[in-house]
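Enquirer: Model the full structure from these sequences, guided by the hints.
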Amino acid sequence: MPQARTEERPELERLARTLRHHIVRSTTEAGSGHPSTSLSMVEVITVLYFGGVLRYDPQQPHHPDRDRFILSKGHGAPGLYAVLAEAGYFPVEDLMTLRQMGSPLEGHPNMRRLAGVEASTGSLGQGLSMGIGHAHAAGLDGSDFRTYVMTGDGEIEQGQVWEAAMHAGNKGLDNLTLIVDRNRHQQTDAVANVQPLDPLGAKFESFNWETRDIDGHSLDEVTEAFAWARGVAGRPQVIIARTIKGKGVSLLEKAQGKWHGKPIPKEEEAKALEEIGAGI
Amino acid sequence: MSFGLSRSSFEIGPATRAAFGDALAEAGANQDVVVIDGDVNNSTYTNKFKEKYPERFFNVGIAESNMVGVAAGLAAAGKIPVASSFSTFLLSNAFDQIRMSVAFPNLNVKLVGTHAGISIGEDGPSQMAIEDVALACAFPGMTVVVPADGPSTAIATHALIEREGPTFMRCGRPGVPLLYEPTSDFQIGKANTLRQGDDITIIANGIMVAMALDAAEGLASDGIQARVLDMHTVKPIDTDCIVKAANETRAIVVAEEHLAYGGLGSTVAMVVGEHRPTRMAFVDIGDTYATSGKPDELLEHYGLTPEAILDAARRVLKD
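Chains as they are written, first to last, in my numbering: chain A, 222 to 501; chain B, 190 to 508.
FYI, nobody ran anything at the bench for these hints, they're computed from the structure.
Keep in mind that the hints are not guaranteed to be accurate.
Stretch by stretch, here's where chain A covers chain B in the computed footprint (C-beta under 8 Å, at least three residues) [as the list claims (entries may be wrong)]:
1. 311-322
2. 497-508
Now the in silico label distances, taken between C-beta atoms and shown as ranges [to be verified]:
3. A/G482 <-> B/S481: 43 to 49 Å
4. A/E488 <-> B/P329: 39 to 45 Å
5. B/S373 <-> A/A448: 58 to 64 Å
6. A/M322 <-> B/Q376: 34 to 40 Å
Built from N, CA and C at the ideal position, the CB exists for glycine as well.
Expert: Given below as structure tokens:
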């Protein structure tokens, strides 16, 4: 039976730094990819996989009662791969094959090539609908597995997200949790300059969701939010995680609008890793 | 004067969508089968399943993109989801969801599009799927089936549910000529030879199969023996059967209720061109959208009749 892995606070902090190391190193090695969008989600996925939330077993990646994590924002793949490697789905050294011919660590997640990847994503807006399918399957099978889906904030400009939000709220899928990585930047501009989403929580609430707005880089707030989500009955939950695109690397944080889809140059890598701090 | 379907020499049976609905309700005996609807279940007849198995029926509303995504999630969790809507809304609206959430991960989702082709009639071109077979064939790994009548639709419904992998079946709105028995031999990927002949081959699917048989009767009175193939599976195409026809007959006419591009005609031509170049002619909607009208008036106007097939056969044999 899949179990949640529960680490102490110092270990969670170390793992968060380690994931950031992996994200920077793998994308710089690949020469392409989306480190900034991966860095913003680090605390959320750290708590999810190591903070006593997600029940999983890398030895039985298809166990029917495992909890699911669907990364709808597929360009955050380097972050997903980092957490899957640390969780034990594949050797950490494979992270350096990111985006290379023959590697299952493709530019965007491919569920058919890498155990632990629950959905093939990369065309934005589709993960929540797939999560609803899993949530319905749990209901049909009488299983208590939970489904977690993470979208970007720019991503929810996609209409399908709202078709799905309407449906999940209507059906009262309380075994479904959405995390919006609210890093406030999309490809060409700030999200607010493209489509102001606020009041974002109110939009979900009007579709019969329970909402929680948190600092997405606070391990405590993320931990508390997942505990809250598990306790909600009768409604799906959305955790709006306020984050910083490129979190942990000053080069990216200082010019958040300029680094979408760009790796850190080789000559800046050492400084970035130093800023992140000792992890590995 | 009557046209098209209503003057077929065959008895008119149920619509293929009705046969699908009945067969789906039977297939519900398998507990893994779940049905997803885009709020058209009384048109697609998935309401028959809904009545028997309401707990395994999900109406997601008029939201085909979400419908296909939910089906993908259910399939990833081990269910056999059947997602059904009007064919044009299913394929056109949810094309990217079928691509990304179903075809690319090769998930076991059963897509069924109804109200295909111009034979839906009065509702007009916005409701007519005339590009759907081309769109469905474009997905790597997708099985694409266009059955001709009620009994073969029922067999295909069960066969596709048992088949692993993504599938698309195309059904129509009106009652159509009866060509098969419930016990007929009908296998996905295997064309059925409904009439033997060694002069010319007519390859058809959907409502054009009965018309092909009527056209073959007309050719027989000219002393021309036409072979008629029900090519119900467009993908994977029955290459052997087509090559055999190309070898054994002088020409091939392909008839389908679809655009000229990307459907059965294009697929057969690819096989013929590669294996045994043969003179061909095509009966289809061409390169246009249709209009409102009575189904038979539309079929006549857009040249989907036994006479059109007959003319194409005579023309191609003269060359």
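Enquirer: Run the structure past the numbered hints and jot down the numbers of the failing ones, going up.
Expert: Of the numbered hints given earlier, those the structure breaks are 1, 2, listed in rising order.
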